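Chains as they are written, first to last, in numbering that gives the first Met the number 0: chain A, 0 to 291; chain B, 0 to 291; chain C, 0 to 291; chain D, 0 to 291.
These are calculated hints, taken from the structure and not from any lab test.
Values in this document were obtained by computation on a predicted structure and should not be read as measured data.
Where is the CB? At the ideal position from N, CA and C, for every residue including glycine.
Where hints are given, some of them may not hold.
[Unchecked claim] Ranges of calculated distance between the beta carbons of each label pair, as one might list FRET restraints: (1) Asn-257/A with Glu-14/D: 38 to 46 Å; (2) Lys-57/B with Gly-168/A: 28 to 36 Å; (3) Glu-163/D with Glu-135/B: 13 to 21 Å; (4) His-70/B with Lys-272/C: 48 to 56 Å; (5) Asp-204/B with Asn-155/D: 56 to 64 Å; (6) Asp-139/D with Asp-113/B: 22 to 30 Å; (7) Asn-216/A with Met-2/B: 24 to 32 Å; (8) Asn-271/A with Asp-204/B: 31 to 39 Å; (9) Asp-139/D with Asp-129/B: 50 to 58 Å; (10) Phe-125/B with Leu-256/C: 54 to 62 Å; (11) Glu-21/C with Phe-125/B: 35 to 43 Å; (12) Leu-279/D with Asn-216/A: 29 to 37 Å; (13) Glu-21/C with Glu-232/A: 52 to 60 Å.
[To be verified] Pairs of lysine-lysine residues, derived as DSSO-like cross-links and limited to a Cα-Cα distance of at most 30 Å, are as follows: (14) Lys-224/C with Lys-19/D; (15) Lys-5/C with Lys-19/D; (16) Lys-158/A with Lys-122/A; (17) Lys-224/C with Lys-205/C; (18) Lys-167/C with Lys-205/A; (19) Lys-283/B with Lys-272/C; (20) Lys-272/A with Lys-254/A; (21) Lys-225/D with Lys-254/D; (22) Lys-5/C with Lys-212/A; (23) Lys-254/B with Lys-272/B.
[Said to hold, decoys possible] Computed footprint of chain A on chain D; a stretch qualifies when at least three of its residues, placed anywhere within it, have a C-beta under 8 Å from a C-beta of chain A: (24) 247-253; (25) 279-290.
Number of protein chains: 4
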Amino acid sequence: MKMETKRVISPGAEEILGKKFEVLDKGFVRLVDCLGNDGAIVQAARVSYGKGTDTKRKDRTLIRYLMRNRHTSPFEMVEMKFHLRVPMDAWRQWIRHRTANVNEYSTRYSIAIDDKQETEPDKWRFQSEDNKQGSEGFLDIETGKYLSQREEELHNLAKQVYNERIEKGVAREQARKDLPLSNYTEAYWKIDLHNLFHFLKLRMDKKAQYEIKQYANVIGNEIVKKVVPVSYEAFEDYVLDVFTLSKLEQIAISKILNGADCEDISNELFENKYERQEFLEKFKRISLSSQF
Amino acid sequence: MKMETKRVISPGAEEILGKKFEVLDKGFVRLVDCLGNDGAIVQAARVSYGKGTDTKRKDRTLIRYLMRNRHTSPFEMVEMKFHLRVPMDAWRQWIRHRTANVNEYSTRYSIAIDDKQETEPDKWRFQSEDNKQGSEGFLDIETGKYLSQREEELHNLAKQVYNERIEKGVAREQARKDLPLSNYTEAYWKIDLHNLFHFLKLRMDKKAQYEIKQYANVIGNEIVKKVVPVSYEAFEDYVLDVFTLSKLEQIAISKILNGADCEDISNELFENKYERQEFLEKFKRISLSSQF
Amino acid sequence: MKMETKRVISPGAEEILGKKFEVLDKGFVRLVDCLGNDGAIVQAARVSYGKGTDTKRKDRTLIRYLMRNRHTSPFEMVEMKFHLRVPMDAWRQWIRHRTANVNEYSTRYSIAIDDKQETEPDKWRFQSEDNKQGSEGFLDIETGKYLSQREEELHNLAKQVYNERIEKGVAREQARKDLPLSNYTEAYWKIDLHNLFHFLKLRMDKKAQYEIKQYANVIGNEIVKKVVPVSYEAFEDYVLDVFTLSKLEQIAISKILNGADCEDISNELFENKYERQEFLEKFKRISLSSQF
Amino acid sequence: MKMETKRVISPGAEEILGKKFEVLDKGFVRLVDCLGNDGAIVQAARVSYGKGTDTKRKDRTLIRYLMRNRHTSPFEMVEMKFHLRVPMDAWRQWIRHRTANVNEYSTRYSIAIDDKQETEPDKWRFQSEDNKQGSEGFLDIETGKYLSQREEELHNLAKQVYNERIEKGVAREQARKDLPLSNYTEAYWKIDLHNLFHFLKLRMDKKAQYEIKQYANVIGNEIVKKVVPVSYEAFEDYVLDVFTLSKLEQIAISKILNGADCEDISNELFENKYERQEFLEKFKRISLSSQF
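Same shape as in the complex, but just chain A (with noise of 0.2 Å):
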């Protein structure tokens, strides 16, 4: 149902308001409410900047400066509200960015939400050497297809205690005590764009774990995109794949640039063998820049 309304419109926030996106076997995002739009960060920066703006510079141009001089605040001035399925375990992680505004399902007060995650049999993810808190590859099927089968179980058992206490008149508050992590929440989500371009930030991050950057992925490709196109887009050209480059690195490649080797630099100049491979890793992000 369409109203007339005064306020500002973002055309691409009205294509997609309360589309419910799939994300994981059972959740979802979707886009409840927003207020502002590209303009209204803008409008917002030119209070700052006051008559001595000069008009004709273009906005775009504008949020591309503010983003990329990390002024933050005028993007601060939209607001996104989302509704969320979610199971616990990457609510877990996501509740921890604290500048939001929250309302979760309560377990207290209602039956809990009968889904849980459930893992395909290929889809079991081994344990990274490299990383210590990250995953990489997957397990064999034979495998995968045991673990799946006890994950069911599981399942199974967790939801016939639940029930079990419920019927028997347990308190919904303890009955829940032994919900797996795996089970789904909702929330409603309520954020501003800088505090969700930092969120997008950490949690698009090839480090962020699957499940919740499955979800950060909706936000940032299907929705923010979407209500902000421009200033989406300066998120990804200033923020999203870009890295800094420490003192120690810059001297780095200034001596590539002067001809040094840079795996016989590195090792001269790292003494941390970690710091050392970030700087190659970075190295080679650059080598292979130019080639995209």
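Please build the complex by placing chains B, C and D on the supplied structure of chain A, with the hints as guidance.
This is chains B, C and D only, laid out in the frame that chain A set:
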């Protein structure tokens, strides 16, 4: 100009959107944008309460229940954005409310706003005797005339000095260093409804300073009341004109209900004179309340 | 081990620093560090009040004045850091207090803590009839025995499944997905005194869930009371056991003081049954208060 | 006076605790109290990483790893409290850092501090041509003398007017309305180390305004460096003198490494002149870096 939207509408907000409400001699407040309405608060609360909610319970009843019991998170689901023009002195108090988004007019980037808050001869307030941080009553008109004239001298000199600096090429960031606190500034200010109610509670209070109170009254009575009428009514009934009763004050009232004299029991119970005074004021308010 | 310091000391804090206070079956709280004491609150308040302050005014009187009048910023000048072991279910509530610093044990990085909150047969709580999010009374012991045995089955299966996954090389971040909410986690939690009092106000309340209330009681009565005894006393007197009187409730008491019957006047004034009930409870508390 | 404590100690903090570091003509910063030290950061990080941590990994290596990878939460486990005297103009910028605790001297409650920031004749800064919000170079001494004398006139009149108002009984809250922004104020300011580093990153930057930069430099180099020397070194190496490389800038460097000319490739790649300029600056810094 009106546009179509699928977002929720607050009819009251649409009426006043963009309208300048004048405050003090040269200040204003206007609502620039908002997200949500009374219904959005109910919607968020119902996510928390889930399927278990009695859907026949009326929205108004739910909102009043939430307000009465300080269930604050659903009120965070509404957001308002204001454009303000306010003396820097009042802004210094305003900005202490940290949970808000701000873009202030930059006097580093632009020439300072050439407006200062001026005081009419009959508006010079006496220092309060009781309240070390308050005022009460007005100075006589003759003294007031003198003070207003001196104010004008000072404003004129401050303006001359600022203009001289600018003309001679001094950086704006330095030229501004002697602007009086009465100089107007402008800002975009965005805040969620829960934190806005907290602002209003403190700044509509009788102990708030006159200047910021004028802004708070306009924001409360002319804007918020329109945007979320049901919530604002609940705020008035359960937050604004409310006071707390400490354990000792509960005992005092109990004794009075059993026949004790108010003065006697106050002297007996409250060793601290401020606390005694506060109780007597509360008791007076209770006694008078049924006459209205 | 003791060291010398020029920083201010809280003698009460020194007594209990590092001491483990056991909570629930396998949880604990301990104070790891703190900054400031009652005197630091007075010192900060006196910066605000400057030279004009009556230095003879006693510190205790000032702290009580600040608490009574909700001058909250001086209480932010004290900080406490805790080490907690707590079931994830309680932690899910805890973490909603956003103005705090947190480092939680990472089950991405390390093997999950092998402890779950277990329920004794006589500790299964009935769902409250009145309070949709509460509990009251206990199930009979026979049912309790059955539920505790089923709980044990579920905990055992959850443990087996987790261990199998780890043994087969599944990434820790995925292996943890079906840990029950009763699984213990650990965290460092750092918060200022104002926000800690807010936490205690909500979580020591009779409506708070049993589990988190045990933690709040220990933090309040065993730790904060020791670290800042004067402030904690003021908190008890002016915040913890306090209630508000709405405009309508003030009228009701006024009428009763003038001879009206409590039941009659409640029926007349409060159209909403919950509000009427709440008033009757408050009135009962007032009536009983002078007996203690 | 020294006391014994079981809390952790920062030897560097003990040396400077309470010491007044003078800033500008009449301002100062002093460290009033602090919680934690470099070890506290390690300790908090190890809670997150749990038993799985390689205990032989050196503390310094861990702190540097955390800083390099922007694992910010362990740095929130250290807290510092400062006493400041600062011109209101700089304070207006300072207070924009919202995640901090503040008690400011109240000119409602007390007579205003009778000190204003004064400008020496050779310290009047020119408006920068390039940077609309910056300054560069100084005005000639003759003009400077005139401006300093006019400044004095204005300060004198402002002082007279303020004193007249106070003498005639005007409320302090109103009398202060025309104090110049150069008037000093005082505050207690408490902040965690992560947010303090963010403050320093922005305010030690070459684009920060001269006045606040003096405070930031003192806080960074004289205080934080003493309290948490290892963390501060990591901050300098991985945050302070660091810059980001956008995707486009990575491509540019890649092309230069393959023989392209810097000027040519910049013109080709960067359509926006500011972005091109920024790249050229970064490239210059890289080129020069190996000379130091």
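Cross-check of the supplied hints:
no. : hint                                 : in the structure
1   : Asn-257/A with Glu-14/D: 38 to 46 Å  : holds, 43 Å
2   : Lys-57/B with Gly-168/A: 28 to 36 Å  : holds, 29 Å
3   : Glu-163/D with Glu-135/B: 13 to 21 Å : holds, 20 Å
4   : His-70/B with Lys-272/C: 48 to 56 Å  : violated, 18 Å
5   : Asp-204/B with Asn-155/D: 56 to 64 Å : violated, 37 Å
6   : Asp-139/D with Asp-113/B: 22 to 30 Å : holds, 27 Å
7   : Asn-216/A with Met-2/B: 24 to 32 Å   : holds, 30 Å
8   : Asn-271/A with Asp-204/B: 31 to 39 Å : violated, 56 Å
9   : Asp-139/D with Asp-129/B: 50 to 58 Å : holds, 55 Å
10  : Phe-125/B with Leu-256/C: 54 to 62 Å : violated, 35 Å
11  : Glu-21/C with Phe-125/B: 35 to 43 Å  : violated, 59 Å
12  : Leu-279/D with Asn-216/A: 29 to 37 Å : holds, 34 Å
13  : Glu-21/C with Glu-232/A: 52 to 60 Å  : holds, 55 Å
14  : Lys-224/C with Lys-19/D              : violated, 33 Å
15  : Lys-5/C with Lys-19/D                : holds, 15 Å
16  : Lys-158/A with Lys-122/A             : holds, 23 Å
17  : Lys-224/C with Lys-205/C             : holds, 19 Å
18  : Lys-167/C with Lys-205/A             : holds, 24 Å
19  : Lys-283/B with Lys-272/C             : holds, 28 Å
20  : Lys-272/A with Lys-254/A             : holds, 19 Å
21  : Lys-225/D with Lys-254/D             : violated, 43 Å
22  : Lys-5/C with Lys-212/A               : violated, 48 Å
23  : Lys-254/B with Lys-272/B             : holds, 19 Å
24  : 247-253                              : holds (count 5)
25  : 279-290                              : holds (count 6)
Checked against the numbered hints given earlier, the structure breaks hints 4, 5, 8, 10, 11, 14, 21, 22 and satisfies all the rest.
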